[in-house]
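Trainee: What follows is the residue order along each chain.
Number of protein chains: 2
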Amino acid sequence: MEGAIPVSEYKYRVEVCFTPGHYPLYAQDMGIVVVIDVLRATSAMVAAFENGVDRIIPVSTVEEARRYIGRPGYIAAAERNGEVVEGFDYGNSPLAYVGQDLRGKTIVMTTTNGTKAINMAKDARKLVVGSFLNLSALSEWLVQQNDNILLLCSGWKDKFNLEDSVYAGAVMERLLDSGKFGVEEDSSIAAKYMFMSARDNFLSILKAAPRRRRIEQLQLLPDAKYCLTPDQSRVIPILRDGELVRMEMSQP
Amino acid sequence: MEGAIPVSEYKYRVEVCFTPGHYPLYAQDMGIVVVIDVLRATSAMVAAFENGVDRIIPVSTVEEARRYIGRPGYIAAAERNGEVVEGFDYGNSPLAYVGQDLRGKTIVMTTTNGTKAINMAKDARKLVVGSFLNLSALSEWLVQQNDNILLLCSGWKDKFNLEDSVYAGAVMERLLDSGKFGVEEDSSIAAKYMFMSARDNFLSILKAAPRRRRIEQLQLLPDAKYCLTPDQSRVIPILRDGELVRMEMSQP
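Sequences listed follow chains A and B, in order.
Per our numbering, the first sequence starts with residue 1, numbered consecutively.
Per our numbering, the second sequence starts with residue 1, numbered consecutively.
Any given hint could be a false lead.
As the list claims (entries may be wrong) - Derived Cβ-Cβ restraints for the label pairs, each shown as a range:
| hint | chain 1 | residue 1 | chain 2 | residue 2 | range |
| --- | --- | --- | --- | --- | --- |
| 1 | A | G99 | B | M196 | 34 to 42 Å |
| 2 | B | I238 | A | P252 | 55 to 63 Å |
| 3 | B | R125 | A | N81 | 23 to 31 Å |
| 4 | A | Y10 | B | E184 | 33 to 41 Å |
| 5 | A | Y10 | B | G73 | 46 to 54 Å |
| 6 | B | R125 | A | V245 | 47 to 55 Å |
| 7 | A | E173 | B | S60 | 38 to 46 Å |
| 8 | B | G87 | A | E173 | 41 to 49 Å |
| 9 | B | K157 | A | R199 | 24 to 32 Å |
| 10 | A | R125 | B | G73 | 52 to 60 Å |
| 11 | A | E86 | B | Q28 | 22 to 30 Å |
| 12 | B | K11 | A | V245 | 49 to 57 Å |
| 13 | B | I238 | A | I238 | 48 to 56 Å |
| 14 | A | R125 | B | N81 | 23 to 31 Å |
If you're looking for bench data, these hints aren't it; they were derived computationally from the structure.
Note that the Cβ used here is the ideal one computed from N, Cα and C, for glycine as well.
Modelling step: build the complete structure from the supplied sequences, incorporating the hints.
Mentor: Set out below in structure tokens:
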């Protein structure tokens with residue numbers, strides 16, 4: 001029976017995991033993990049590197065981040081429930097880093113979803129950070145890799161979210177177009193459907209989102225517009241020894 | 001800001017939960033749970049009631065089901081990994097029940113995903129079973145209810161699956177069309193996107209599914225075609241004291 005089905009030839013798989021809690025179900029045989037938290041942690045990370053920061057240390061707890069408040073050379077950033085945690089000057093807003101000279105600085109960051117996903121997948125052979133800001137640069141780099149790739153959505157408090165999944169669909173489409181990658185999981189096909197529904201206007205993701213989230217997101221509209229604008233950066237943050245450092249793709 | 005956003009007026013929510021493991025994240029304030037396992041457990045349940053069975057007892061383990069093998073008046077059904085468990089005559093194939101006279105019989109059934117989802121949600125105020133077979137009857141009944149509704153997909157071994165999610169989108173669209181229900185969760189919007197992508201031909205779900213699953217499903221093609229054919233039954237299985245019994249909608 002199998003012989004009767006046209007089987008496309010591909011060398012590696014690219015799959016989508018919708019929530020960090022499901023990571024163990026999808027992690028097997030996946031050498032490269034792309035952590036995605038479009039609104040807003042991974043967008044903020046790319047923006048910070050784009051503005052010169054040396055490294056970002058993702059931590060799980062507010063307490064860990066708090067130890068770095070006021071320490072020379074460090075920026076402590078903490079977000080919970082979409083807001084900057086009391087006592088911190090930075091949360092997960094990428095615009096907080098734009099236009100600043102952050103050269104030589106280290107950011108220590110904890111967020112509700114994104115840094116949690118990073119810590120969940122920190123033992124992957126390679127872990128990189130994705131956002132619309134570095135969509136093309138990341139996709140080009142991924143196509144060059146000879147390994148299976150898992151696109152890990154950070155979701156919202158372990159729930160599925162729309163913008164991370166649509167972004168995963170956008171990356172996946174570029175990888176599938178290369179002919180080098182294929183998919184096996186239903187979640188991957190679903191992400192592609194979602195991307196196809198939203199592709200002409202990423203801001204439509206906001207409009208399509210349910211009322212409660214739409215309201216939350218519109219209160220963040222400048223941030224959200226920034227986070228949904230593709231290809232503002234050639235930087236790909238990559239995890240080395242527990243710290244995110246800069247990897248920069250040359251112009252295509 | 002909130003006042004500036006047009007807010008649709010609806011009384012109740014209808015939401016989608018993609019996997020049984022996420023049920024606790026979505027269950028709050030949900031009075032009615034619809035358990036969905038399109039391929040094939042909930043389709044088999046509707047088919048069994050359509051063919052006269054009195055009641056279905058969903059059990060979690062093969063051992064529980066095995067006790068009923070050969071007991072007069074009982075049919076023991078057990079499926080694991082898509083196959084009938086050794087020693088059983090029935091698994092989760094709906095076609096096994098079609099054309100039989102099952103009046104007066106009780107089925108004791110355990111399946112990989114569907115009965116697990118039922119047991120997860122068994123404390124809901126009302127629990128009913130959905131499949132393409134009873135799509136219209138179920139949707140009509142749901143629209144009459146005055147309560148929040150959770151569409152609980154059984155998935156595949158805790159992973160997201162496409163056919164359950166597309167079916168949830170189909171039910172949701174009918175509930176949204178009534179104007180009585182609205183959504184708050186991103187998963188619900190995503191299910192609607194998926195349904196819109198697949199609506200013209202439910203068998204396209206099979207074709208869209210990734211290679212490995214497509215092969216598995218094609219081996220079940222007669223079953224799959226049957227499970228994806230809407231509106232073959234006006235029966236809605238409903239849980240009462242741990243047993244599924246027949247509720248029948250009159251013709252519209």
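Trainee: Taking the hints in turn, state whether each one holds.
Mentor: Here is what the structure says about each hint:
no. : hint                        : verdict
1   : G99/A - M196/B: 34 to 42 Å  : holds, 41 Å
2   : I238/B - P252/A: 55 to 63 Å : holds, 58 Å
3   : R125/B - N81/A: 23 to 31 Å  : holds, 30 Å
4   : Y10/A - E184/B: 33 to 41 Å  : holds, 38 Å
5   : Y10/A - G73/B: 46 to 54 Å   : holds, 52 Å
6   : R125/B - V245/A: 47 to 55 Å : holds, 52 Å
7   : E173/A - S60/B: 38 to 46 Å  : holds, 40 Å
8   : G87/B - E173/A: 41 to 49 Å  : holds, 46 Å
9   : K157/B - R199/A: 24 to 32 Å : holds, 31 Å
10  : R125/A - G73/B: 52 to 60 Å  : holds, 57 Å
11  : E86/A - Q28/B: 22 to 30 Å   : holds, 27 Å
12  : K11/B - V245/A: 49 to 57 Å  : holds, 52 Å
13  : I238/B - I238/A: 48 to 56 Å : holds, 53 Å
14  : R125/A - N81/B: 23 to 31 Å  : holds, 30 Å
Against the hints set out earlier in the document, no violation occurs for any number.
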